[in-house]
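Novice: These protein sequences, in sequence, are chains H and F. Whatever position you read off the first sequence (first residue = 1), add 560 for the working numbering. Whatever position you read off the second sequence (first residue = 1), add 560 for the working numbering.
In case anyone wonders, no lab produced these hints; they're calculated from the structure. It should be emphasised that the depicted structure is a prediction, and the values quoted were computed from it without experimental measurement. Heads up, a few of these hints could be off.
Because identical chains share one entry, a pair is satisfied inside a single copy or across any pair of copies.
[Stated by the list, open to error] Straight-line alpha carbon distances no greater than 25 Å define the calculated SDA-like cross-link-like pairs of lysine to any residue that follow:
(1) K696 - F616
(2) K735 - P615
(3) K696 - A748
(4) K735 - R570
(5) K685 - S737
(6) K696 - L681
(7) K606 - W715
(8) K696 - I680
(9) K696 - G683
(10) K606 - L578
(11) K606 - D697
(12) K696 - P572
(13) K735 - R700
(14) K735 - S571
(15) K696 - R679
(16) K685 - L675
(17) K606 - S707
(18) K685 - R700
So the chains spell out like this:
Protein chains: 2
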Amino acid sequence: MTITITAFDRSPDGGSGLARDTRVRWALEEAALPYEVRLVPHAAMKAPAHLALNPFGQIPTYEEDGLALFETGAIVLHIARHHPGLLPGDAHAQERAVMWIFAALNTMEPPVLELFTVRILEGDKPWAAERLALVKDRLRTRLQQLSSRLADADWLDGAFSAGDLMMVSVLLRAKPSGILDAFPNLAAYVARGEARPAYQRAFAAQLAVNTAPLPA
Amino acid sequence: MTITITAFDRSPDGGSGLARDTRVRWALEEAALPYEVRLVPHAAMKAPAHLALNPFGQIPTYEEDGLALFETGAIVLHIARHHPGLLPGDAHAQERAVMWIFAALNTMEPPVLELFTVRILEGDKPWAAERLALVKDRLRTRLQQLSSRLADADWLDGAFSAGDLMMVSVLLRAKPSGILDAFPNLAAYVARGEARPAYQRAFAAQLAVNTAPLPA
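Start from the sequences, fold in the hints, and give me the full structure.
Specialist: Put into structure tokens, the structure is as follows:
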């Protein structure tokens, strides 16, 4: 079985690990699965061949034996369900791990994405500074709630799971803003995720792509 | 087995079906499962008893035989996996249905939520009108991509699935803005979802809560 994912040939983040292929690489590394990467140049992102794989013209996609998926949540959950290492054995605990994947993507990531909207997409607008304060306030509310739930635990629900993989990945996108510094248990939680050997390998692999010479 | 979900005692939308309990009610109706509803007054939403069920202080939650979940994506997926009616039988088609749940919640819902941010949370700000145009442009891009993928099909991947349930539910939140009118196939897709008897029962049930007298 060959697994092929897609990634940017040059990530907008310069290889700091925030592009979404890192989440999929991390899951594949936790499950000890080999994979191939097809790089998609920016110009090909909205071309028919890539839109056939992902109608929204984004990376990553995932192909394996006639199955083609997009959406990192679906890809990570697929890997987690079919290989050991990312979901607990207990049925209820499994459901809660899936719940944390959704919480990361649908409750935590939207306010994190607003940081990018205000700084990048609307960074030249006269309202940028005032909105940044509002956006940070809304994000802080969510972070405080997550911090209260995590308390002094290592992971969100017992052992490390795909839910933690996704939550740490989303929080990593907020980290450069410095907003996590006010929540020491969340900062330590993210650091625990980053310290996992599987994450380290995933990070190194995406960095290697972004520092390699582009094909002529 | 008793299923209990939570809902607003008075939804901010006045019972127009946009609160997230409607998504769970719809899934339960498609699966022909009876359920009970515990109404959570606004003042109790951030109190310890409800935060124990959902650390972000939101509705709906889902309880069944010792399992407690929040996140509508996780709840709908749980229902779909354990009861017929919401997932196709073919393994790959099942994975794609899950993919569309994530696409609805992580790719389509964030720009839809921006409509609420600009109109409600920041409706009194001097930038509201100018930002509304930007937010609508970004949402139109996503809608155009979805419209192109759906083309003239009835549902996103063959038969109706939990993926359609979630995508229709997210698009329903954009419908009052009128933005769907420019995409006749998406408007018809949403109308097909609304016409399903299970949706009709879910809508009526949430409306009944919102028009009933509050307890003294």
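Novice: How would you label the pair K696, F616 (within, between, both, or neither) given a Cα cut-off of 25 Å?
Specialist: Between copies only: 17 Å across, 28 Å inside.
Novice: Go through the copies and call it for K735 and P615: within, between, both or neither, with a Cα cutoff of 25 Å.
Specialist: Intra 30 Å, inter 21 Å, cutoff 25 Å: inter-copy only.
Novice: Within a copy, between copies, both or neither: where do K685 and R700 come within 25 Å Cα-Cα?
Specialist: both (23 Å within a copy, 21 Å between copies)
Novice: Between copies, within a copy, both or neither: which fits K696 and I680 at Cα up to 25 Å?
Specialist: Both: 15 Å inside a copy, 17 Å across copies.
Novice: Within a copy, between copies, both or neither: which one fits K735 and S571 at a CA-CA cutoff of 25 Å?
Specialist: within (18 Å within a copy, 34 Å between copies)
Novice: Are the CA atoms of K735 and R700 at most 25 Å apart within a copy, between copies, both, or neither?
Specialist: For K735 and R700, only the intra-copy Cα distance (12 Å) is at most 25 Å; the inter-copy one is 30 Å.
Novice: Is it within, between, both or neither when you check K606 against W715 at 25 Å Cα-Cα?
Specialist: The answer is between: 23 Å across copies meets 25 Å, while 38 Å in one copy does not.
Novice: Are the CA atoms of K696 and R679 at most 25 Å apart within a copy, between copies, both, or neither?
Specialist: both (12 Å within a copy, 18 Å between copies)
Novice: With identical chains treated as interchangeable, where does the CA-CA distance between K606 and D697 reach 25 Å or less: within a copy, between copies, both, or neither?
Specialist: Only across copies: K606 and D697 sit 17 Å apart there, 35 Å inside one copy, limit 25 Å.
Novice: My question is about K696 and P572: at a cut-off of 25 Å on alpha-carbon distance, are they close within one copy, between copies, both, or neither?
Specialist: Both: 22 Å inside a copy, 24 Å across copies.
Novice: Could you place K606 and L578 in one of the four classes (within, between, both, neither) given a Cα distance threshold of 25 Å?
Specialist: within (21 Å within a copy, 32 Å between copies)
Novice: When no copy is named, should K696 and A748 be tagged within, between, both, or neither for a Cα gap of at most 25 Å?
Specialist: within (20 Å within a copy, 38 Å between copies)
Checked against the numbered hints given earlier, this structure breaks none of them.
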